[in-house]
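Chemist: Sequence:
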Amino acid sequence: MMRRAVVYVVIVLIAGLVIYAFQPPKPLGEGNVAPNVTLNLLDGQNKTLADYKGKVVVLDFWATWCAPCRFTMPKMIDFYNRHRDQNVEVIGVAVDVTNPAEVGQFVKEMEVNYPIAVDREAVVKQAYEIKNLPTLFVIDKEGNIVLRLEGYDPQHTIQTLEDTVKRAL
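Numbering (the numbering used here), first residue to last: 7 to 175.
Treat the hints as calculated values from the structure; they're not laboratory data. Remember, predicted model here, so these are calculated numbers, not experimental data. Every residue, glycine too, gets a C-beta built ideally from N, C-alpha and C. Treat the hints with care, since some could be wrong.
[Stated by the list, open to error] Pairwise CB distance ranges, derived in the manner of DEER restraints:
hint, residue 1, residue 2, range
1, I20, K53, 18 to 24 Å
2, P106, D84, 22 to 28 Å
3, R126, Q92, 30 to 36 Å
4, G157, E108, 20 to 26 Å
5, H162, A107, 42 to 48 Å
6, F77, P106, 32 to 38 Å
7, L175, I20, 47 to 53 Å
[What the hints assert, rightly or not] Capping the alpha-carbon separation at 25 Å, the derived lysine to any residue pairs in SDA-like fashion look like this:
hint, residue 1, residue 2
8, K172, T70
9, K172, P80
10, K81, I164
11, K59, T70
12, K59, F77
13, K137, N87
14, K81, R154
15, K61, P80
16, K53, L19
17, K59, R76
18, K61, A133
19, K147, V103
20, K137, G60
21, K147, G35
22, K137, R154
23, K172, V103
24, K137, I20
25, K61, R154
26, K137, R9
27, K137, E127
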């Protein structure tokens, strides 16, 4: 009887471990250290996230073909203009890029005045596990992710961004 109980407990433990092992990984987000990737900026500079240590960084992942991204862009420009002197850096990350000149033209047309990184090799996209666009990350002064926000909700996205940045400062 006792032997049967021990076998049963062992089977339950093994089943639990197997189930736990095959759970999908939690996406990169709040509480994780931000990957220190190299950002290839449109102006020709190469920066790493570590170059912004001591600042709150907003990474805005977008694409020229993404309608919600286009809608968000003027709001991000406004956000940047209001926070640029408050130790906050906004960096747009253009993903799925085949032609950097196309991104440059888009940025010019949209009158974007914050740095734009071109992710031609999808290195940054993969490091941040981007599945949907737009996706925003807020990274605190110590390099920790304090917000991952996917998609765009006209009622809440910018307010959530404002609140998170305010807390991170």
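Chemist: Would you mind marking each hint as holding or not holding in the structure?
Modeler: These are the hints, each one checked on the structure:
no.: 1; hint: I20 / K53: 18 to 24 Å; result: 48 Å, violated
no.: 2; hint: P106 / D84: 22 to 28 Å; result: 25 Å, holds
no.: 3; hint: R126 / Q92: 30 to 36 Å; result: 31 Å, holds
no.: 4; hint: G157 / E108: 20 to 26 Å; result: 24 Å, holds
no.: 5; hint: H162 / A107: 42 to 48 Å; result: 34 Å, violated
no.: 6; hint: F77 / P106: 32 to 38 Å; result: 23 Å, violated
no.: 7; hint: L175 / I20: 47 to 53 Å; result: 48 Å, holds
no.: 8; hint: K172 / T70; result: 29 Å, violated
no.: 9; hint: K172 / P80; result: 20 Å, holds
no.: 10; hint: K81 / I164; result: 7 Å, holds
no.: 11; hint: K59 / T70; result: 29 Å, violated
no.: 12; hint: K59 / F77; result: 29 Å, violated
no.: 13; hint: K137 / N87; result: 28 Å, violated
no.: 14; hint: K81 / R154; result: 17 Å, holds
no.: 15; hint: K61 / P80; result: 22 Å, holds
no.: 16; hint: K53 / L19; result: 47 Å, violated
no.: 17; hint: K59 / R76; result: 29 Å, violated
no.: 18; hint: K61 / A133; result: 20 Å, holds
no.: 19; hint: K147 / V103; result: 29 Å, violated
no.: 20; hint: K137 / G60; result: 28 Å, violated
no.: 21; hint: K147 / G35; result: 16 Å, holds
no.: 22; hint: K137 / R154; result: 12 Å, holds
no.: 23; hint: K172 / V103; result: 32 Å, violated
no.: 24; hint: K137 / I20; result: 33 Å, violated
no.: 25; hint: K61 / R154; result: 17 Å, holds
no.: 26; hint: K137 / R9; result: 49 Å, violated
no.: 27; hint: K137 / E127; result: 15 Å, holds
Comparing the model with each earlier hint shows violations of hints 1, 5, 6, 8, 11, 12, 13, 16, 17, 19, 20, 23, 24, 26; every other hint is respected.
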